[in-house]
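There are 4 protein chains.
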Amino acid sequence: MNPKLKMGIVGGGGIGTVHQMAARLDGKIELVAGAFSSTAERSKRSGEQLGLHPSRVHDDYRTMAAEEAELPADERIDFVSIVTPNHLHFPVAKAFLGAGFNVVCDKPMTFDLAEALELRGLVKKSGKVFASTYNYTGYPMVKEAREIVRRGELGKVLKVVTEYPQGWLLNPLEAKGQEQAWRNDPSKAGATGCLSDIGTHVEHLARYVTGLEIDELCADFTKFGAGQRLEDDANLLVHNRGGTRGIIHCSKISAGEENRLNIRAYGTHASLEWDQEHPNELILKYPDASRRTLRRGNEYVSGTAKRVTRLVRGQPEGFIEAFANLYLEAARAIRAETSGQSIPEGCDFPNVEDGVTGMAFVETAVESATNGGAWTKMKGA
Amino acid sequence: MNPKLKMGIVGGGGIGTVHQMAARLDGKIELVAGAFSSTAERSKRSGEQLGLHPSRVHDDYRTMAAEEAELPADERIDFVSIVTPNHLHFPVAKAFLGAGFNVVCDKPMTFDLAEALELRGLVKKSGKVFASTYNYTGYPMVKEAREIVRRGELGKVLKVVTEYPQGWLLNPLEAKGQEQAWRNDPSKAGATGCLSDIGTHVEHLARYVTGLEIDELCADFTKFGAGQRLEDDANLLVHNRGGTRGIIHCSKISAGEENRLNIRAYGTHASLEWDQEHPNELILKYPDASRRTLRRGNEYVSGTAKRVTRLVRGQPEGFIEAFANLYLEAARAIRAETSGQSIPEGCDFPNVEDGVTGMAFVETAVESATNGGAWTKMKGA
Amino acid sequence: MNPKLKMGIVGGGGIGTVHQMAARLDGKIELVAGAFSSTAERSKRSGEQLGLHPSRVHDDYRTMAAEEAELPADERIDFVSIVTPNHLHFPVAKAFLGAGFNVVCDKPMTFDLAEALELRGLVKKSGKVFASTYNYTGYPMVKEAREIVRRGELGKVLKVVTEYPQGWLLNPLEAKGQEQAWRNDPSKAGATGCLSDIGTHVEHLARYVTGLEIDELCADFTKFGAGQRLEDDANLLVHNRGGTRGIIHCSKISAGEENRLNIRAYGTHASLEWDQEHPNELILKYPDASRRTLRRGNEYVSGTAKRVTRLVRGQPEGFIEAFANLYLEAARAIRAETSGQSIPEGCDFPNVEDGVTGMAFVETAVESATNGGAWTKMKGA
Amino acid sequence: MNPKLKMGIVGGGGIGTVHQMAARLDGKIELVAGAFSSTAERSKRSGEQLGLHPSRVHDDYRTMAAEEAELPADERIDFVSIVTPNHLHFPVAKAFLGAGFNVVCDKPMTFDLAEALELRGLVKKSGKVFASTYNYTGYPMVKEAREIVRRGELGKVLKVVTEYPQGWLLNPLEAKGQEQAWRNDPSKAGATGCLSDIGTHVEHLARYVTGLEIDELCADFTKFGAGQRLEDDANLLVHNRGGTRGIIHCSKISAGEENRLNIRAYGTHASLEWDQEHPNELILKYPDASRRTLRRGNEYVSGTAKRVTRLVRGQPEGFIEAFANLYLEAARAIRAETSGQSIPEGCDFPNVEDGVTGMAFVETAVESATNGGAWTKMKGA
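Chains as they are written, first to last, in the working numbering: chain X, 1257 to 1637; chain Y, 1257 to 1637; chain Z, 1257 to 1637; chain F, 1257 to 1637.
Heads up, some of the hints might be wrong.
What the hints assert, rightly or not - Some chain Y residues close to chain Z (C-beta under 7 Å, calculated; not the full set): (1) R1280; (2) G1283; (3) E1514; (4) N1515; (5) P1535; (6) L1567; (7) R1569; (8) G1570; (9) Q1571; (10) P1572; (11) E1573; (12) F1575.
Everything labelled a hint here was simulated from the structure, so no lab data went into it.
Being a predicted model, the structure only gives us computed values, none of them experimental.
All C-beta atoms, glycine included, are put in the ideal place defined by N, C-alpha and C.
The following block holds chain X by itself, in its conformation from the complex (with noise of 0.2 Å):
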């Protein structure tokens, strides 16, 4: 067996939390790095509680890609992951590429556009592997609904609706918790609340089943919340390429939604509906023959979603499976390119290009309801 990945962390709070699991749970990925908080006092406090070295506790990110980067091959970092707020994203990432280590990242990818479209040429030129933290579809269902888009078993894709309503900011503990409060904050949230920081799963939720790209959109923002200097609600009608049509909604005001993203794609000859909420099952509908309902687990599913199964049927998988399947694929390519090998093809994490569209989404978006709501064209990716 090979020895363990070993993975750094920059950054901290719930997510963290996650990002560990998930990189835990299969037994092939091992903590060992981070510079876990803003103050040093704070980093060392939770590198201590995760039982790391003190040696590869940092203090800060640049400190942490310096040293990191002196270590001897076996002993540093295989991959960083970034699990800042979202204005850090870039300038972490830089310093790890430029460092070279390979960089996991949570997001929206930047805080903005321009540093998307350079951030992928920093990619490009180091060679490294860059996940983008898209973790939705890392469900072995949506999975599946790719592939049955792919085999044509819907037809030609005609409508996409794809939602993603939560209720948490109506929530006044939620909302107001200091973890929470830099989401509110243009200068590290970006240009948007609600569609970054859920919109933006959305988008690639839709890409990634149906294939299609957004061609043109129309979008509304609204600030409900008391106090929002970012909108808290985005309802978007979209025009894919190829005459598709798409209707986009998120939220952070529907009382009482939970985390509720779901799609449904509508073909000439079927259609398909999943829900995050429930994300062992897919559901096939047809114009004239009787609905059926795929189970994650069973022999009949494809081979892609047997591939990020580790439960028999009828055992339910959940959220930390579907984030540990993104660890999965990508630790497969950065472990090729750890050990001077080419990535193997089929490695199926979102990128750093899924990123870029992710942040040209937003900035559409934006510029969309800054416009009234103008018909906009998606800017050039």
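Please build the complex by placing chains Y, Z and F on the supplied structure of chain X, with the hints as guidance.
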């Protein structure tokens, strides 16, 4: 007991049968006359099958209005139900109102907004009862939803998502049925296909439940089907008066969808969710309390919902009962009118104003769609 | 068109209203006479409210049978519906059969098995139509389930789980309604409470769908409610002829359950699942293929289901339609009988044999429960 | 931070992998040793794949117990997880307890009740921690259900329906897998097939949630599958102490069912419902109030459920997290034991008593089934 109300019908086909069942269910309305087809011969045959007296089976609607008006008061019809293609709604309604009859009329109310406004004037002048068969708001749990909004349980409504996907135009057998051909003929159906047929139900449902009026909208129409002369898919963003945001989409090319009209209304305190295909339930969600499912027939539902409930809980009611509720409520008004009394307060059926609003909605959307999806103010009703 | 069938009713209450709605729905049956209560005065009042001619509102069932029989053939009732408490089913049925009338009778068919066997003899001798209102097998998707079993799609049925939990006896208001008092009186309800009232529906549903007969059973009865003189909860293990295993449980003290009659039949090739509270769907599961959901109103369902379908797919049908289907099918037979023709093949309604089996089931379970839950052979029917 | 607990494993196969993932998820347990197979060669290969040091990969469990015991305290395992076929649970547990190790043992706990009683004695004498992996009671919403019952929200529990249908024995591929062969061998699986494998989960789930003990039961076993030497379907009626009635059924021949363990507990005030295939929800029903759905991760769930919750609401947790919760809770006890402290109050994991009750349940059911389904008193545990 009062004698049954006497009903006449103009038009035929499947929807006529539904109107008849709905009218018959409670044993308070009796079909006695009709002009069932565009040809006298077919009308006669239909009347015969229905067991009507030949003298009450009329050749056409004009003859019917005239001949019924000449019958003694205790023999002639108390009201007419109009179930023709759209372009005939107005002339038939005008003829019967003119002949002194109450009218129940299918939706969309008229061919265009101009007719709708004229019809409104005629109804007002006549003093007769006019009901527009937006039948989906007849469901008890839709009435319960409206009560819940009225009582303020949702707080201020921020966002309303209303959908009506169907897929039958993808099914050649159903789509090409002779009976449906007029739906694709702009000279009979009007300026829209999908929107006037099912989109008007969506508009009414959202307005009925939330009490909110549309201020402006942005519409995106598509003709997907080969040979479609009118749009078969319509997606809209909506601004309601008072700042509430809305999404409305309806479609006839959504493969495998049957009749999935549904609404989600999100308020500051709670949200509600209702789905026509599971009409006996109403779901309430809260930012930080467990979800509630209210079920028809229980003691805890409001008097408004109970008044239109026939069966005990757990004995499912369906489409016919909802439709019959519209007839029951209209019948209360008609019985008053024919008895020379004033129409009782609180008769809960869609009226000519609702019909006008529906047509204003359609024409506003047409204007927006024609102008490339520009945001367009709701036409004055 | 044939004139409507003329219906009489013996008994009243809520279930009488349901029978009337069901009979009325299709416009082929007309209520013309009745003895609606145990007192002549209340019967008169009911008849008046129903708009019946006073001469057809009878003081009691004996008078009614005699007086109706004396009317001219084209005036008198074509059949009587018996909706009295259980102990009256037999004498009323006997009186009307004796007077030459067809009979529709509520379930359980009789007070005990001895009466049921005698009634079977009377029906056979009379040559009249006798229908037993196991109304839940009137649902189209129950008929579809039966077709699927008949076509062998499940393979050999190995196990059948059938449930009927209700909770209304925990609700003091409902449980203590005057109208329900007889249900707790062994001199009127018979030897069982829960089992005869709802357990017989379970037995019929399982037998109707699978075609399997009970060979032996083991029954566990409990009286949970204060003041209950008859069991309000009954759990049974069942051996069917041919080796199929069964579980049957029914209850009136299952808090919050409304009317959750449901069946799961597991075969060697596939299984099916149907739930009365979601009656428009039938679910099929396979050992290694995706699940299928069949929905009422689609082209792909069998002719048997289509024949009893009124509304297009997506327009929910419910309890009344299922009940009306029983009346429709019985009416076909009654119309033949009154016309002196032989009863057409394939009239699909529960008959006197089904009623006898139901009573045999009840008495067998009583014997088992009385003997401490001993396995007991099904009483010869 | 404390160093990770050191885990050893005896046995292999799929369930071993699940134990490893569960133990690994939280980063507090580390696999360091094992005897992974019945042959030394295959054990070595497994250990290698897992990246263990060769000195810690043992030829068999006896060697492992002896060799691990000789290691320094800070190197040797803190506990062993036993994931062998049933007949080996007892000897392996005995060996490791004897060598001074804490034990986590798969269910059913032993081959028969006699062994279980002996093991109980050994555990008591040893003072070691013993956990029995009834993993399904590790779900947060199962713990929430238990809290709700304890708080009296259901009132007195009257009836409990618990089911565990699976269908995999109908799937020749799965049923005949080499790894599963021992399940059909009475010398390895014990006196029952379906009941010990999944029925013991049912017994534990019902007892865990309601706190009720079985008083007597009546069992019906069937061998449906060709070549089945042990029952593959088991149906039981149950009397609990205190008068509560129960139904338990489990099956491996229920076509298309995957892993549908579920429980419904009906009390005088309310009922609850939980389904392993939708584990993040718990449904409460009331005689006359709207239904409630409680969802994992919300503020409103009890501290007990929160303590074993990793992800925010709407991010589905699944099977692995439930399993990991058992390990987390057992680890708290083991950490105390290895530190020479007393085991903390409220460690919530199934222990040797639960294992004994499970075996008593199995043997009581066997006696009943053997005696033709006679009601049989629960064997003294």
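Now for the hints, and whether the structure bears them out:
1. At about 6 Å, the closest approach between the beta carbon of R1280(Y) and any beta carbon in chain Z falls short of 7 Å, and the interface hint on this residue holds.
2. The beta carbon of G1283(Y) comes within 6 Å of a beta carbon in chain Z, closer than 7 Å, and the hint placing it at the interface holds.
3. Interface restraint check: E1514(Y) against chain Z, minimum CB-CB distance 3 Å, threshold 7 Å, status holds.
4. Look at N1515(Y): its Cβ gets to within about 3 Å of chain Z, closer than 7 Å, so that hint holds up.
5. For P1535(Y), the suggested interface contact is upheld, since its CB lies about 6 Å from the closest CB of chain Z, less than 7 Å.
6. Taken as an interface hint, L1567(Y) checks out: its beta carbon lies about 6 Å from the nearest beta carbon of chain Z, inside 7 Å.
7. For R1569(Y), the interface hint holds, since its Cβ comes within 7 Å of a Cβ in chain Z; the closest pair sits about 4 Å apart.
8. Interface hint at G1570(Y): satisfied, since its Cβ lies 3 Å from the closest Cβ of chain Z, which is below the 7 Å cut-off.
9. Annotation: interface hint on Q1571(Y) holds; nearest CB of chain Z at approximately 4 Å, less than 7 Å.
10. For P1572(Y), the interface hint holds, the least distance from its beta-carbon to any beta-carbon of chain Z being 4 Å, beneath 7 Å.
11. With a cut of 7 Å, the hint placing E1573(Y) at the interface with chain Z holds, because the nearest CB-to-CB distance is about 5 Å.
12. At about 4 Å, the closest approach between the beta carbon of F1575(Y) and any beta carbon in chain Z falls short of 7 Å, and the interface hint on this residue holds.
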